[in-house]
Every structure is written in C-alpha cells, then in structure tokens.
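Could you put the whole structure together from the sequences, leaning on the hints where they help?
Heads up: the sequence shown begins at 1 in our numbering, then just goes up one per residue.
Everything labelled a hint here was simulated from the structure, so no lab data went into it.
The calculated SDA-like cross-link candidates involving lysine to any residue, where the alpha carbons are at most 20 Å apart (straight line), are:
#1 Lys-228 <-> Ala-55
#2 Lys-145 <-> Trp-42
#3 Lys-145 <-> Tyr-103
#4 Lys-145 <-> Ala-167
#5 Lys-122 <-> Gly-21
#6 Lys-14 <-> Glu-127
#7 Lys-291 <-> Thr-275
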Amino acid sequence: MTQFSPEQLTGQIKAWGKELGFDAVGISGVDMSQHGERLDHWLAQQYQGEMAYLANHRELRLHPDQLHPGTLKVICVRMDYLPPEVETVRVLQNPQQAYISRYALGRDYHKTLRKRLTQFAKKIAAETADFNYRPFVDSAPVLEKPMAQQAGLGWQGKHSLLINREAGSYFLLGELFTDLPLIEDEAYTQDHCSRCRACLDICPTAAFPEPYVLDARRCISYLTIELKGSIPEEFRPLIGNRVFGCDDCQLVCPWNRYCHFSQEDDFNPRHGMDTIELAQLFSWDEPTFMKKTEGSPIRRTGYQGWLRNLAIGLGNSGGGLRQIQTLQQRSDDPSELVREHVAWGIDQLTQAKTATALPLIEKHPRKVRHLR
1 MTQFSPEQLT GQIKAWGKEL GFDAVGISGV DMSQHGERLD HWLAQQYQGE
51 MAYLANHREL RLHPDQLHPG TLKVICVRMD YLPPEVETVR VLQNPQQAYI
101 SRYALGRDYH KTLRKRLTQF AKKIAAETAD FNYRPFVDSA PVLEKPMAQQ
151 AGLGWQGKHS LLINREAGSY FLLGELFTDL PLIEDEAYTQ DHCSRCRACL
201 DICPTAAFPE PYVLDARRCI SYLTIELKGS IPEEFRPLIG NRVFGCDDCQ
251 LVCPWNRYCH FSQEDDFNPR HGMDTIELAQ LFSWDEPTFM KKTEGSPIRR
301 TGYQGWLRNL AIGLGNSGGG LRQIQTLQQR SDDPSELVRE HVAWGIDQLT
351 QAKTATALPL IEKHPRKVRH LR
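Following this line, the structure appears as structure tokens:
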C-alpha cells in the first residue's frame, strides 16, 4: 500500500474520481449547522408539501458525522447528465409531444451514481487501505447542495439548484462519507446570479416566492412526480406537456451556455422518450409501463400518476377530436384519480382551448439559443 500525506491523498482521490467518470470532485467538512436556520424557515412555511420526510432527521442533516458515525470528511462528486443530441425547447414547443425532464430519459441516476461511488470507494481502498465509508445519492437526510457548495463545486442559484460557472447546472450530485484525513476545499462563497431573474420570471407556476427559495407545492417537478393525489386545477393548464418534471428554470439560465454534454451512456434516452408523443405514452397498459420504465426514475410516479400527468398534457395539447378520442379510451379507468384528470382533459379540448403558450423563447430568446 502506498503511504500518502493528507495533501497527496486528496489530490489522488480527485484524480481517481475523474478517471471513473466524475466531472468534478471536492472535499467538504461535516459541520452543516450554519444551514439550520434556513432549513427551519423553509419547513415552517410548509414549502415541502407532502414530502414529510424532509422535516425528519434535522440533526442528521446538519451533522453528517451522526448520520454515518466516524465520518470526518465528505467527498462530493458531480456528474453531468445532458446527452448531446437531446432536444429541449423544440419538444416543449410541440404540444403533441411529451416533455420529460432531461435527467430522467435514461437509467435512474440513483443507480448509476451509487454504483460509481462504490467503485470509487473500492479504488481508494485498493490504493490505500480499507476505510470507513458510505455512499449517498439523493436518498438520505443529506444537504447535498449546501455540502457541494462547501466542497467548492458551485453556488446555489436563485432557482435553488447548484450552478458551476464552467458547467452550468445540468448535473447530478453524490457523496461519499469517509473517515479519511483529507484536505477540505475552499467553500464557494461567490454568487454569480447578480441581478438576473430569468429563472424566477420564467417559472410557469410561480414556484419561487423569493430568490433562492422554492415552494415545492407549486413546482411542476413536485406536482408531476412527488404529489401522489390530484393536481390542483389552477396548475393544470400551466403544466403544458411536461409529464415528468420541468427544466424551464435551467433552460433560461445564462450559465447553461457553458453546460457540458454527458458522455455517460446511462443517461442516453431509452425507448425514444426524448421525442415520444403523448398519445403513444397514454396507450401503454400497466405491464408496458412497468417494462418500459424498468430501471428508470419515471417509475417514481407510479402508473396512475403517469396517466394523470399524460391526461393533463393531452388536455393542454389543443389536439381536438383526435385527442378527445384518445382520452375517452380511459374515461372508465378503474382509478378515480385517472378518471378525474381524463375528464378535465376532455373538457379542455371540448372547449377548444388552444395549446398552452410557451413563454420560454418569447421572454428570453438569447438565453435559450444554445439549446435546440
């Protein structure tokens, strides 16, 4: 085994991380207590909606060494996810197509990052010695964005996502809790959002009550993924054709002119999901849904939630009689949730409501011209 000084080991770990496909690696400490007041305020406003788990384990979030005893440092990693050939704006502009948040087109990122983090840990152990570690990928009480900022990977933008000046925000985060004596990176303290309000102004559902604060209850990603019941009617016309998540606040961010396209095969679209039509997805029976979404984050909605979202998309399509007939095929669906949203979609089309307008390009043409 090679003997490394803390400085040498830190440098080697960052190099090994890059070799394994991580686009950035940083080292954070374990004191997150300075984020407690902001967390408490956010929860007090009930911005978490039905995600009750976010109010649990406060002390574990603020003290990672309690979540995994023995932790001295946290290795934070970034992995870019946007495939180079995937269209974004053009799909949003086509009301007959289904828009799926671009991180969800391929394999479930939890699986990809967790596997890679485990390989990372084994590489470190092989080159040094066995050590105490535990990988996390958006699946435990971890303040991953503040932690990544503390590791120098970027700053939290006004849309609350992490932004990197050289890579934009189309990336995923993961953590490796460890007892290794590593050298912490300097926290990223600059805020390069300046006076820009593009992400705040473009949000279809006005989900940002103030800069840097997200009210998840109004966010399309929450409404189409985390919310398990009926989507409030006030939001349905605003959802447009977004059937799983929403990327609008990232699409208009000027820093995404510098985004890095991913070379990771796991994030390439499966089953043509990047350009598929709403009606085709709505025709899937449950076994087809389960087969097509195997290993995909889309499974999180469940089949009924998936049909609910698609019924809203079809109702917003302006597709006339053809889409009315598509929706009518599920008017007698066993699920009350599905029937409710199907009826809403039919009503929208019967009233000859036109397709929901996309303000993305009209409001910010220069900011989205780097994307198709």
